[in-house]
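Colleague: Chain E is fixed; fit chain C onto it per the hints.
As given, the protein sequences belong to chains E and C, one line each in that order. Each number in the numbering used here corresponds to the 1-based position in the first sequence with 9 added. Each number in the numbering used here corresponds to the 1-based position in the second sequence with 15 added.
Treat the hints with caution; some may be incorrect.
Claimed, not checked - Capping the alpha-carbon separation at 27 angstroms, the derived lysine-lysine pairs in DSS-like fashion look like this:
{"hint": "1", "chain 1": "E", "residue 1": "Lys187", "chain 2": "C", "residue 2": "Lys273"}
{"hint": "2", "chain 1": "E", "residue 1": "Lys191", "chain 2": "C", "residue 2": "Lys341"}
{"hint": "3", "chain 1": "C", "residue 1": "Lys93", "chain 2": "E", "residue 2": "Lys39"}
{"hint": "4", "chain 1": "E", "residue 1": "Lys39", "chain 2": "C", "residue 2": "Lys341"}
{"hint": "5", "chain 1": "E", "residue 1": "Lys51", "chain 2": "C", "residue 2": "Lys93"}
{"hint": "6", "chain 1": "C", "residue 1": "Lys423", "chain 2": "E", "residue 2": "Lys187"}
{"hint": "7", "chain 1": "C", "residue 1": "Lys341", "chain 2": "E", "residue 2": "Lys122"}
{"hint": "8", "chain 1": "C", "residue 1": "Lys39", "chain 2": "E", "residue 2": "Lys39"}
{"hint": "9", "chain 1": "E", "residue 1": "Lys131", "chain 2": "C", "residue 2": "Lys423"}
{"hint": "10", "chain 1": "E", "residue 1": "Lys122", "chain 2": "C", "residue 2": "Lys93"}
{"hint": "11", "chain 1": "E", "residue 1": "Lys51", "chain 2": "C", "residue 2": "Lys457"}
{"hint": "12", "chain 1": "C", "residue 1": "Lys273", "chain 2": "E", "residue 2": "Lys191"}
{"hint": "13", "chain 1": "E", "residue 1": "Lys407", "chain 2": "C", "residue 2": "Lys423"}
{"hint": "14", "chain 1": "C", "residue 1": "Lys134", "chain 2": "E", "residue 2": "Lys266"}
{"hint": "15", "chain 1": "E", "residue 1": "Lys146", "chain 2": "C", "residue 2": "Lys273"}
{"hint": "16", "chain 1": "E", "residue 1": "Lys39", "chain 2": "C", "residue 2": "Lys26"}
{"hint": "17", "chain 1": "E", "residue 1": "Lys274", "chain 2": "C", "residue 2": "Lys191"}
{"hint": "18", "chain 1": "E", "residue 1": "Lys229", "chain 2": "C", "residue 2": "Lys273"}
{"hint": "19", "chain 1": "C", "residue 1": "Lys191", "chain 2": "E", "residue 2": "Lys427"}
{"hint": "20", "chain 1": "C", "residue 1": "Lys423", "chain 2": "E", "residue 2": "Lys146"}
Claimed, not checked - Residues from chain C that keep clear of chain E, each with C-beta distances beyond 12 angstroms, as calculated:
{"hint": "21", "residue": "Leu20"}
{"hint": "22", "residue": "Pro119"}
{"hint": "23", "residue": "Leu290"}
Just so you know, the hints here were simulated from the structure itself, not pulled from any lab data. Fair warning: this is a prediction, and the values are worked out from it, not measured in the lab. C-beta: ideal position from N, C-alpha, C; glycine also.
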Amino acid sequence: MLTKEVATKVLNECLATGADFAEIFCEVKKSNVVSMVSRMIKNSDTSIINGVGIRILKGLQETYGYTNEVDEESVLKLAKTLASSYNEAPLGIEFELVFTETPKMITTTRFSKDIPNSEKVKYLTTCSEAAYGHSDKIVQVMANFTDETQEVTIFNTTGLWRSDIRNHQRITCQAIAKEDAKMEAYYDQYGGNFGVEYFDKYDFVAFGKEVAEGALNQLKAVDIPGGVYDVVIHNAFGGVIFHEACGHSLEATSVAKNLSVFSGKLGEKIAADCVTAIDDGTIIDEWGSAGMDDEGHDTQKNVLIKDGILTSYMIDARNGRRMNMAATGSSRRQSYRFSPTSRMTNTYIDNGESTFEEIIANTKYGIFAKKMGGGSVNPTTGEFNFNVGEGYMIEDGKITYPIKGVTLIGSGQDTLLKIDMVANNRSFGYGMCGSASGSIPACVGQPTIRVRNMTVGGKGGSK
Amino acid sequence: MDIKLLFERAKEAGILEIEVYRVKNTESSITIFNHEVEGLQSSSTDVCHIRGAYNGHLGSLYVENNNLSIDEIIETIKSNATLININEPYFIYPGDESYPELKPYEGDFDQYTLADKTKLCLDLAVAIEAEHEYVDSCPDVTYSEQSFEYSIINSNGLNVSKKGGYAYLVGEAVIKHNEEVKTGFEVQLAKKFADFDIKKLAHDIVSDTVNELGAEPINSGDYKVVVKNSVMRSLLGAFTNVFTAEALIQRMSFLEGKEGVKVFGDNINIIDNPLCELAPSQDSFDDEGVSARVTPLVSNGVFNTFLHNLKTAKMLGKETTGNGYKAGVASGVSVKPSNFYLEPGDKSLDELFALCGDGFYLTSVAGLHAGVNVINGDFSLQASGYVIENGKMGKAVNLVVASGNIIKMLNEVLEIGNDLNFKTGNIGAPSLLISSLSISGK
Numbered sequence: 010m011l012t013k014e015v016a017t018k019v020l021n022e023c024l025a026t027g028a029d030f031a032e033i034f035c036e037v038k039k040s041n042v043v044s045m046v047s048r049m050i051k052n053s054d055t056s057i058i059n060g061v062g063i064r065i066l067k068g069l070q071e072t073y074g075y076t077n078e079v080d081e082e083s084v085l086k087l088a089k090t091l092a093s094s095y096n097e098a099p100l101g102i103e104f105e106l107v108f109t110e111t112p113k114m115i116t117t118t119r120f121s122k123d124i125p126n127s128e129k130v131k132y133l134t135t136c137s138e139a140a141y142g143h144s145d146k147i148v149q150v151m152a153n154f155t156d157e158t159q160e161v162t163i164f165n166t167t168g169l170w171r172s173d174i175r176n177h178q179r180i181t182c183q184a185i186a187k188e189d190a191k192m193e194a195y196y197d198q199y200g201g202n203f204g205v206e207y208f209d210k211y212d213f214v215a216f217g218k219e220v221a222e223g224a225l226n227q228l229k230a231v232d233i234p235g236g237v238y239d240v241v242i243h244n245a246f247g248g249v250i251f252h253e254a255c256g257h258s259l260e261a262t263s264v265a266k267n268l269s270v271f272s273g274k275l276g277e278k279i280a281a282d283c284v285t286a287i288d289d290g291t292i293i294d295e296w297g298s299a300g301m302d303d304e305g306h307d308t309q310k311n312v313l314i315k316d317g318i319l320t321s322y323m324i325d326a327r328n329g330r331r332m333n334m335a336a337t338g339s340s341r342r343q344s345y346r347f348s349p350t351s352r353m354t355n356t357y358i359d360n361g362e363s364t365f366e367e368i369i370a371n372t373k374y375g376i377f378a379k380k381m382g383g384g385s386v387n388p389t390t391g392e393f394n395f396n397v398g399e400g401y402m403i404e405d406g407k408i409t410y411p412i413k414g415v416t417l418i419g420s421g422q423d424t425l426l427k428i429d430m431v432a433n434n435r436s437f438g439y440g441m442c443g444s445a446s447g448s449i450p451a452c453v454g455q456p457t458i459r460v461r462n463m464t465v466g467g468k469g470g471s472k
Numbered sequence: 016m017d018i019k020l021l022f023e024r025a026k027e028a029g030i031l032e033i034e035v036y037r038v039k040n041t042e043s044s045i046t047i048f049n050h051e052v053e054g055l056q057s058s059s060t061d062v063c064h065i066r067g068a069y070n071g072h073l074g075s076l077y078v079e080n081n082n083l084s085i086d087e088i089i090e091t092i093k094s095n096a097t098l099i100n101i102n103e104p105y106f107i108y109p110g111d112e113s114y115p116e117l118k119p120y121e122g123d124f125d126q127y128t129l130a131d132k133t134k135l136c137l138d139l140a141v142a143i144e145a146e147h148e149y150v151d152s153c154p155d156v157t158y159s160e161q162s163f164e165y166s167i168i169n170s171n172g173l174n175v176s177k178k179g180g181y182a183y184l185v186g187e188a189v190i191k192h193n194e195e196v197k198t199g200f201e202v203q204l205a206k207k208f209a210d211f212d213i214k215k216l217a218h219d220i221v222s223d224t225v226n227e228l229g230a231e232p233i234n235s236g237d238y239k240v241v242v243k244n245s246v247m248r249s250l251l252g253a254f255t256n257v258f259t260a261e262a263l264i265q266r267m268s269f270l271e272g273k274e275g276v277k278v279f280g281d282n283i284n285i286i287d288n289p290l291c292e293l294a295p296s297q298d299s300f301d302d303e304g305v306s307a308r309v310t311p312l313v314s315n316g317v318f319n320t321f322l323h324n325l326k327t328a329k330m331l332g333k334e335t336t337g338n339g340y341k342a343g344v345a346s347g348v349s350v351k352p353s354n355f356y357l358e359p360g361d362k363s364l365d366e367l368f369a370l371c372g373d374g375f376y377l378t379s380v381a382g383l384h385a386g387v388n389v390i391n392g393d394f395s396l397q398a399s400g401y402v403i404e405n406g407k408m409g410k411a412v413n414l415v416v417a418s419g420n421i422i423k424m425l426n427e428v429l430e431i432g433n434d435l436n437f438k439t440g441n442i443g444a445p446s447l448l449i450s451s452l453s454i455s456g457k
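If we strip away everything but chain E, and leave its shape as in the complex, we get (with noise of 0.2 angstroms):
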């Protein structure tokens, strides 16, 4: 990490050419992957990043250049050749670097980059015996530990210094189930952005045996007609709907440049009445938390959508300044390779007045998607795609047999309209988010919902 002094002396480096703003983003992140397969240790690999980015700001002209040469004459040439870009007289900006405490977004004191690697396959084990003994189908287990201790710190021509340290863990395991020539697979994990303590808590015994379960469960799965139906979305994971047909929409980086659907639209009605969407980094945690963001102001509480109105959207300080608005602790990078942006950090559709058995039971004719896959978005017009991992028939209000190679389209402005019942029972899920500032952990969540007629693909011929 730079020195006050140092720093001073680079951020005065990057003003030298008539630039009104510099920010200096110094990271060292450990990461460990662990991995067992068929029941031995097969890797156990460690990396090591040390780098530094800086970025520098005229009007909304922004040079960004990194380098992992981290000595104070490297820095400083760096800095150089990124003012290189403007020549103009400085304009006079003084600042005194003052450090301030970050908030604490994380309980733990034991952070990964101290755990020996050996300390973390107890938690492999169990789940994957969990998995292999529950049925004699499952013919493969991996289970994979994967951790990540990031250390930023800050510095800006406002004079800001601040440091975080984020502690991003998880445990995937993913099972194959083979009955004759089928073999189908299924996969589940469990993480935040937290100690290790959690782990200790947490019942990897039955984790292992849902998974297996999971897959055991595909292998009786049958393909459905592609058409249109009725969808009951259910909890945690599920909240990738809304992550992927609503979020990236509301994230500046496209509503800034007037390229969302949900550009201009602040105040009014983009969703059903039953529909309130909030992104919240200050989840203590949560695997998208964090102290402060990646421009270093904290985290906060944001309410995108309240009733069906458009509240807010999500705003770095950079694309704040072509929206003319705030910058509400939305932005995120995967690290100091990457220029920050908005993006998002925990966000959900909140709780609505219905219950899940409720919602089975009016539903005549439709699909229960338990768990969702992945998905992918274009925000420019809205449409997006995402498969269904776990999934059911839903007839006459009752859930009745497994069913997959599902896949649900729409647009999100149309979806988000369509949504008819919201219950009571929100829970999180965990994913990596891919965007311009690269791949972050963002937690998606809602509670069961239902949208009305979406299209729904799969391959048994026709409805």
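Modeller: Chain C only, in chain E's frame:
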């Protein structure tokens, strides 16, 4: 890093074989928004992946600069190696006697100024807006260039290196007509600055997107389908892992037990060729230092062999196919295709439409990271394209789902196009005419 000292100290610490895989990279880019420079980027990095044999296993570590002492590097390698208990062979390869000669790197991007490159971006933005009356704006243009140097040096005598680089130009267009909005996006890769063709790129970005206006879903059903080469490339790319011996060992390949067996139609030939001149890059050695070679994977529908690295070859009593590649510098060596492609046929796209008669022209798919099942070959993807009527391209179709199975699909190929293309990646495919695919729409 003093490699000689590292090797000496490693040996003293009981690490009998050790290897340093090093990548030096410089990159710069320019982004234009609304005809103004919005962003500039420049970077330089120097990174190493180090692996060493201790206690019968390979321990590894990725480091980004010299902040870690030689002692810390050695300790991390030893502790990681100690934890591994899988019974697998490992290799620190001494090298081959000879390697194929590649054309020398001729990138000339550093001979052009920032102003030249900025002008290229601005000119592209103007060309995009002039391309069609429905172009509303050209929000972003990005120019990016990269040069890199790889080297692998190990204590068994391997010392190979390669230099390379490229630049690319990406443009975007927002197309508006009546109330409808569409975006077009395309990338062009160049080995030399003069290779950029702005007129062609502007046309590629705009023309397909304009044709997509007025698109709507079609009725659900099974259609005769022409699959565009770009879609075939994506589909094939999603299933390349199935062809690797690693997938076989992990029992995750539907080709298990199928060596020498006819798995696809007679007309299907799939090849892995690191030297293929049609692809954007060529390799004379893989990430283990093994000399490049051509592997015919599928010949007339018969599956010949899995792709191997040194480890999987040893485990299964085969020869390596020179496919020991890493997913990234920080990753270990796994098995990956080099330039992997489906051999072209002799039909033009228009001939494929004519032979199709009535059906569907599949021109884009989305959601590949989620909508394919690599275990059994199933896929189910958001798709768009055009109706084919009386042997000609008809009205545009969007928001449908194309579902099928790659094995079944490659058994139902009626005709193969002559338009094999790799675009910017290492997977190549021509357009195909398929007898039946399920399309879910209305």
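Colleague: Are the hints correct? Go through all of them and say.
Modeller: Structure-based check of each hint:
1. As the CA atoms of E:Lys187 and C:Lys273 are separated by approximately 17 angstroms, the hinted pair is consistent with the 27 angstroms bound.
2. Proposed proximity of E:Lys191 and C:Lys341 is contradicted: the alpha carbons are some 30 angstroms apart, above 27 angstroms.
3. For the hint linking C:Lys93 to E:Lys39, the alpha-carbon distance of about 17 angstroms falls within 27 angstroms, and the restraint holds.
4. Straight-line distance between C-alpha atoms of E:Lys39 and C:Lys341 comes to about 20 angstroms, which keeps the hinted pair within the 27 angstroms bound.
5. This hinted pair checks out: E:Lys51 and C:Lys93 have alpha carbons roughly 15 angstroms apart, not beyond 27 angstroms.
6. The suggested pairing of C:Lys423 with E:Lys187 holds, with an alpha-carbon distance near 20 angstroms, which does not exceed 27 angstroms.
7. A C-alpha spacing of about 24 angstroms is found between C:Lys341 and E:Lys122, which places the hinted pair at or below 27 angstroms, so the restraint holds.
8. Distance hint between C:Lys39 and E:Lys39 is fulfilled; the C-alpha atoms sit about 21 angstroms from each other, no more than 27 angstroms.
9. Using a Cα cut-off of 27 angstroms, the hinted pair E:Lys131 and C:Lys423 is violated, with the two alpha carbons roughly 42 angstroms apart.
10. As the CA atoms of E:Lys122 and C:Lys93 are separated by approximately 17 angstroms, the hinted pair is consistent with the 27 angstroms bound.
11. Straight-line distance between C-alpha atoms of E:Lys51 and C:Lys457 comes to about 48 angstroms, which puts the hinted pair past the 27 angstroms bound.
12. For the hint pairing C:Lys273 with E:Lys191, the CA-to-CA distance comes to about 15 angstroms; that is within 27 angstroms, so the pair holds.
13. Proximity of E:Lys407 to C:Lys423 is assessed by CA-CA distance (about 34 angstroms); at most 27 angstroms being required, the pair is judged violated.
14. The hinted pair formed by C:Lys134 and E:Lys266 meets the criterion: a straight-line CA distance of about 22 angstroms does not exceed 27 angstroms.
15. Under the criterion of a C-alpha separation no larger than 27 angstroms, the hint pairing E:Lys146 with C:Lys273 is consistent with the structure, at around 22 angstroms.
16. Simply put, E:Lys39 and C:Lys26 have alpha-carbon atoms about 26 angstroms apart, close enough for the 27 angstroms limit, and the pair holds.
17. Pair hint E:Lys274 plus C:Lys191 holds up; C-alpha atoms about 19 angstroms apart against a cutoff of 27 angstroms.
18. Using a Cα cut-off of 27 angstroms, the hinted pair E:Lys229 and C:Lys273 holds, with the two alpha carbons roughly 25 angstroms apart.
19. Note on C:Lys191 and E:Lys427: the hinted pairing holds, with a Cα-Cα distance of about 26 angstroms set against a maximum of 27 angstroms.
20. For the hint pairing C:Lys423 with E:Lys146, the CA-to-CA distance comes to about 25 angstroms; that is within 27 angstroms, so the pair holds.
21. Consistency note on C:Leu20: stated as away from chain E, and its beta-carbon is indeed over 12 angstroms from all of that chain's, at 20 angstroms minimum.
22. Consistency note on C:Pro119: stated as away from chain E, and its beta-carbon is indeed over 12 angstroms from all of that chain's, at 28 angstroms minimum.
23. Separation of C:Leu290 from chain E is adequate, the least Cβ-Cβ distance of about 31 angstroms exceeding the 12 angstroms criterion.
Checked against the numbered hints given earlier, the structure breaks hints 2, 9, 11, 13 and satisfies all the rest.
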